[in-house]
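Participant: Each chain, written out:
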Amino acid sequence: MTIDRRRLVVLGAAGAVTALHPSLLRLTAGAGGGSSASGDELPAREASWYKKLEEGRVECELCPQACKVADLERGMCGVRENRGGTYYTLVHSLACSIHTDPIEKKPLFHVLPGEKAFSFSTAGCNIECKFCQNWEISQFRPEQVQAYNLPPEKLVAAARRNRARLTAATYGEPVVFWEYVRDVAIAANAVGVKPTVVSNGFIKEKALREVVPLLSAIKVDLKSFRDEFYRKQLRGELEPVMKSLEVIKEIGVWLEIVVLLIPTLNDSAAEVRDLCAWVRAKLGPDVPVHFTRFHPTYRLTDLPPTPVGSLERAWKIGRNAGLNYVYLGNVPGHPGENTTCPGCGEILIRRVGYRILSNRLVNGTCPDCKRKIPGVWS
Amino acid sequence: MTRRELALIFGAGALAGTAQGRMWSRSVQPGVVGLAEARAALGKPLGPETARLAMAGALAASVGAESGVEAAAAMFSPKDIVGIKVNCLAGKFLSPRVELVEALVDLLAEAGVDRRRIIVFERSNRELQRAGFTIREAGPPYRCIGTNNDYDREPSISGAIGSCFARMVSTTCSALVSFGVVKDHDLSGVSAGMKNWYGVIHNPNKYHDNGCDPYIADVARYPYIRNKLRLTVLDGVIAQCHGGPAYRPGATFDLGMVAASTDPVAADLWAWREIESERAKRGLPTLEAAGRPVRFLATAAKQGLGVDDPEKLLLVTA
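Chains A and U, in that order, give the protein sequences.
Under the working numbering, the first residue of the first sequence carries the number 1, and numbering increases by one thereafter.
Under the working numbering, the first residue of the second sequence carries the number 1, and numbering increases by one thereafter.
No wet-lab data here; the hints were simulated from the structure.
Don't be surprised by glycine CBs; every beta carbon is placed ideally from N, CA and C.
Just so you know, not all the hints are guaranteed correct.
Listed below are the simulated DSS-like cross-link pairs for lysine-lysine, each with C-alpha atoms no more than 27 Å apart in a straight line [stated by the list, open to error]:
| hint | chain 1 | residue 1 | chain 2 | residue 2 |
| --- | --- | --- | --- | --- |
| 1 | A | 206 | A | 68 |
| 2 | A | 154 | A | 249 |
| 3 | A | 116 | A | 372 |
| 4 | U | 44 | A | 52 |
| 5 | A | 154 | A | 372 |
| 6 | A | 68 | U | 92 |
| 7 | U | 302 | A | 232 |
| 8 | A | 232 | A | 130 |
| 9 | A | 282 | A | 68 |
| 10 | A | 232 | A | 282 |
| 11 | A | 130 | U | 302 |
| 12 | A | 105 | A | 243 |
Far from chain U, some chain A residues (derived; all Cβ distances over 10 Å) [what the hints assert, rightly or not]:
| hint | residue |
| --- | --- |
| 13 | 56 |
| 14 | 140 |
| 15 | 189 |
| 16 | 251 |
| 17 | 265 |
| 18 | 270 |
| 19 | 313 |
| 20 | 331 |
| 21 | 361 |
| 22 | 363 |
Produce the entire structure from the sequences given, and follow the hints as far as they go.
Facilitator: Structure follows, in structure tokens:
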């Protein structure tokens, strides 16, 4: 079997083993003959968030890019197209990446530790991070990647077959397949599977409010605490992401935040301090913040990986700011991966990479000091 | 200005020895756009002779050559693999006419380029077919295929863009032609020859803000395009002054021209002028007043891709 790298990434976003994983093969066969979509034959469903403008143009109301799109053109995401004055999503039920991951990979450290999340993505993204780790799906259009017809009910059925207690819309950017996220969440909730999302949070409030209540948890990448970074490095804006975080917190769905620290670009002590102070003030001390390590990729290949010392400094700043749950990511074996009780200081969940070595929580409570640890534990 | 007057300006010997492709050399004429008349009603084909005359005339006028074949020989070598990128997004009514493209193919062949080394291409087979082209994987009389998502595996960085280029331009072809149309674009203002290159990158949707500026110039100045682009041809038999890039009934007009230029910026400048002229006739606001100023040409000129100064635009009729 020969396979090029892009197809490999598309199949699993996790390497060759994934591409040949029996569960994936079963899924493909079990998805009603999972047809491969290509070219102009993409299925299309009318989008849920847009308005019609004059002369057949439309304005997308899903994300803050607010693309105004002429007939036959697509929005910045590349997955929504104006066809004769009606705006369509081209990726509903069109999964290009599917895999069963540990929930720790998302990372959602306070959500059913050690459980599996049936993870899926479509092509496309509404921003363009120069450091995107999944650019081979997020920065491509749906006809440019191998994808399979996987309607929500079949996706959830596949999750159950794979003994996954969670689904996770991840890898690419779920905002661009928000209708699919919504419908998967509805299908998952109907059978007791917990739907989760990993997102950049760059979404308009109305669309966010309509879907987040259906979720069990959401992880948001707060890519920097400087608007200039958002504009220069990923062609987005900071303020809408901050607003999203506040809305999610207000709705009450479990929230965790990841900050990818990139040397010289967003890792200054001042910026990390500002970020942590804002999280503490606006979201509260119990929202976990993960500082993760950057590795050169995509368009940002001239910077080194983040020094572990920078991550440790960020960890200290977070704790000093009063955040109860600060983690380090992409440094397997580092103590910063563990969950420690803010009451007594004892380690509650010990991790190495995505593996759980021990979990001492009892009904979401510290067995030593009986402090309740926030999260989704059952 | 006529073609003969242009030849006098360039010098009689400028093209000597290049006929039949035996001594190919690049022959860029900054600011010069060759024009030839060609009229047909919307949706009606040009006759083969008319298409041939128009294509040959515009080509010859663009470089002051005696004939279209001589002009083609001045621009292309028999060793070239020539890729002709057609812009078929708008379907049959507003895509390059098959008969004009085939007239260019004939001229290239007569100039010594093997027909098997001439490839007419667009993003997908489907787009080509919708515009009236027949898919020909291997020819004859020429190859005609979609790039069909065959992109480089790594992105290339050029200014503000980071894109995987179609292997058709990065690897397969040694010489390129942009074969566009003359039409309004709701974001960039004009879509003619330069915007056509958005069809060879994997992520054009990322680069439509700010009037597609500086992105159009950034795509065109990447070496895959800049070093290989020999010619821009614009099918202006039917043009569109409003409602683009899709075909918009009622917004098209009979421009009745075919344009050719070795200067991609000048070619688009001419297209822009024609669109503005028609908009003025119809009482439509200028593109700038309509909220889509044509910014990308100034950027392209600054990057050294061609001439955007109307004072230096030299229109040469066949």
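Participant: A separate judgement is required for each hint: does it hold in the structure or not?
Facilitator: Tested hints:
no.	hint	verdict
1	A:206 to A:68	18 Å, holds
2	A:154 to A:249	31 Å, violated
3	A:116 to A:372	24 Å, holds
4	U:44 to A:52	33 Å, violated
5	A:154 to A:372	37 Å, violated
6	A:68 to U:92	25 Å, holds
7	U:302 to A:232	22 Å, holds
8	A:232 to A:130	9 Å, holds
9	A:282 to A:68	33 Å, violated
10	A:232 to A:282	26 Å, holds
11	A:130 to U:302	26 Å, holds
12	A:105 to A:243	25 Å, holds
13	56	8 Å, violated
14	140	6 Å, violated
15	189	33 Å, holds
16	251	31 Å, holds
17	265	16 Å, holds
18	270	28 Å, holds
19	313	30 Å, holds
20	331	27 Å, holds
21	361	44 Å, holds
22	363	47 Å, holds
Of the numbered hints given earlier, the model fails hints 2, 4, 5, 9, 13, 14; all others are met.
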